[in-house]
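J.: Chain order of the listed sequences is R and E. For the first sequence, position 1 matches number 1 in this note's numbering, and the numbering has no gaps at all. For the second sequence, position 62 matches number 62 in this note's numbering, and the numbering has no gaps at all.
No lab work stands behind these hints: they were computed from the structure. Computed from a prediction, not measured in an experiment: that's the story for all the values here. Positions of the beta carbon are idealized from the N, C-alpha and C atoms, including for glycine. Incorrect hints may appear among the rest.
Anything over 10 Å on all C-beta distances counts as not near chain E; from chain R, calculated [what the hints assert, rightly or not]: (1) ARG25; (2) ALA38; (3) ASP45; (4) PRO60.
27 Å max Cα-Cα, derived DSS-like pairs, lysine-lysine [stated by the list, open to error]: (5) E:LYS153 <-> E:LYS81; (6) E:LYS69 <-> R:LYS65; (7) E:LYS57 <-> E:LYS6; (8) R:LYS65 <-> E:LYS153; (9) R:LYS74 <-> E:LYS153; (10) E:LYS69 <-> E:LYS6; (11) E:LYS69 <-> E:LYS57; (12) E:LYS57 <-> E:LYS81; (13) R:LYS74 <-> E:LYS69; (14) R:LYS74 <-> E:LYS6; (15) E:LYS57 <-> R:LYS74; (16) E:LYS57 <-> R:LYS65; (17) R:LYS65 <-> E:LYS6; (18) E:LYS81 <-> E:LYS69; (19) E:LYS6 <-> E:LYS81.
Below, each chain spelled out in residue letters.
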Amino acid sequence: MDCNELVEVITDYIEGRLAPEDRRRFDTHLLECPYCVAYVEQMRDTIAALGSVDVNAIEPSDRVKLVELFRDWKETGQR
Amino acid sequence: MHGDAKLVDELREGRESAFEALVAHYHASMVRLARSFVASDAIAEEVAQEAWIGVLKGIATFEGRSSLKRWIFTIVINRAKSRGLREVRFVPFSSLAAREVSQAEAAVDPDRFLGPEAPWPGHWAAPPRSWREDPEAMILAGETRAQLARALKELPPAQRAVVTLRDVAGFDAAEICNELDIRETHMRVLLHRGRSKLRAALEQYLNGEPARFAD
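Next comes chain E alone, as it looks inside the complex (with noise of 0.2 Å):
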């Protein structure tokens, strides 16, 4: 976030407006990805609520080597685990990703393509509409970040971690094997499902059902 280090220094300085300014960049984010790892709505407030305290905490020796986001993140991270660890009938994310990549799942409804009969096997049959014409407001506007949150609490366990720290907390690859304790294999594979099903969802929110071309 640009002036981030402007914003570190007047934390340091009790400002109570950059404090603010802090809560208002990431504290969306900071439930999001706190929700990904604990059981409710509410736990995951109660988490992040617990992060801006470790944050504060730590401010003062706060060294800038990783960036504000990445260390608020991580600070986030690490509470919501010990969390979720708490909870009754904990299953870890490597078991969570096995199972989930062990079923085969297609990215996109098969028969949105033309089947191996057609003059063009693989191909659209029901293909998908730009949502472009106007894409700011469109992906911006308050309902369509409502339905992707929705979209994102509804996909199962490890795709929803593996999305959100990628996506909403930009990890890199390594990082996100690192923190869930999953093989690479199944990062890519999770990510893969959960994007798509995200898509889907928007797709479906923003466009309706696709239309089919004439047989």
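Isolated chain R (complex conformation) (with noise of 0.2 Å):
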């Protein structure tokens, strides 16, 4: 396999839907190809950062909004 086919059938790879010989091949590349290796990570790496929680991504003006919300509901009888 070589960097310009590894690329193109990374996501096969990750989400568990290579046949076994490409991702033998795949892996067997990895071996050999540090870019490769760094390839890889970055993708996971970009995969990971979508999945992240940002605890912090909620404009206080949001933040107000739902806590009224909240209350409203509590006082309506929660329903």
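Using the supplied hints, reconstruct the complex from the two chains, each of which is provided in its own coordinate frame.
T.: In structure tokens:
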């Protein structure tokens, strides 16, 4: 497997959709190519960043609205 | 999320701190999720707010058969879809998906690989550099996240929806195909293209232009 092919099949690899033979070729290439190792790490880091929680990413004004929303719900008997 | 069951109980008891904890944890992702179905940031924020109303109204009968996260995100998707449907010139995802998939697209600029005459055809000419010296700091830093959020918004719509559902919301392939009414073959291509673009955007931001090996 060369690097150009690796970057095209990486999503199937990460999702577990590669045929066993291609998976083997992918893993073998990673043993030989530190650049593709870096590429796979970058892809995994990107995916992890997408899924990670961002607790500060809410506008104070929106937070206030949500608190009011909660208090209204509570006052009307939690319905 | 750890302690979800406890938070659900506390929410049912009417504890504001439990609601705030859930908001802190999920709201940003809910807005991102809504954004892949509607036309503007403002509408996405409104959809997320409406979804919280749905969460509060439904919490009494939430049985915990699906995870809390999945349940909350499903509420968001349903609100976002009905909101999106009311917009002018609504195009179904199945059409957007087919259109986006029909054009050929490389995951990485072909210039970054060696050509057929080179000693190692198809190998890197301008390789990626590791950004892992301090991955936590770099990936989680506010500005990096902001860049990623911006790049996500700039994806073509079907790619944005698939990446958001898979990587922001954690839905599996079958659920995504069901929610968007797209074929699995299309879904896989869209996921690949979307992720590839986001990786490229982050690389550009963190590392700048990739250096070429001397020719």
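J.: The structure should be examined with respect to each hint, and the outcome stated for every one.
T.: Each hint tested on the structure:
no. : hint                 : result
1   : ARG25                : 13 Å, holds
2   : ALA38                : 4 Å, violated
3   : ASP45                : 5 Å, violated
4   : PRO60                : 12 Å, holds
5   : E:LYS153 <-> E:LYS81 : 17 Å, holds
6   : E:LYS69 <-> R:LYS65  : 21 Å, holds
7   : E:LYS57 <-> E:LYS6   : 18 Å, holds
8   : R:LYS65 <-> E:LYS153 : 24 Å, holds
9   : R:LYS74 <-> E:LYS153 : 35 Å, violated
10  : E:LYS69 <-> E:LYS6   : 14 Å, holds
11  : E:LYS69 <-> E:LYS57  : 16 Å, holds
12  : E:LYS57 <-> E:LYS81  : 19 Å, holds
13  : R:LYS74 <-> E:LYS69  : 22 Å, holds
14  : R:LYS74 <-> E:LYS6   : 19 Å, holds
15  : E:LYS57 <-> R:LYS74  : 10 Å, holds
16  : E:LYS57 <-> R:LYS65  : 17 Å, holds
17  : R:LYS65 <-> E:LYS6   : 24 Å, holds
18  : E:LYS81 <-> E:LYS69  : 18 Å, holds
19  : E:LYS6 <-> E:LYS81   : 30 Å, violated
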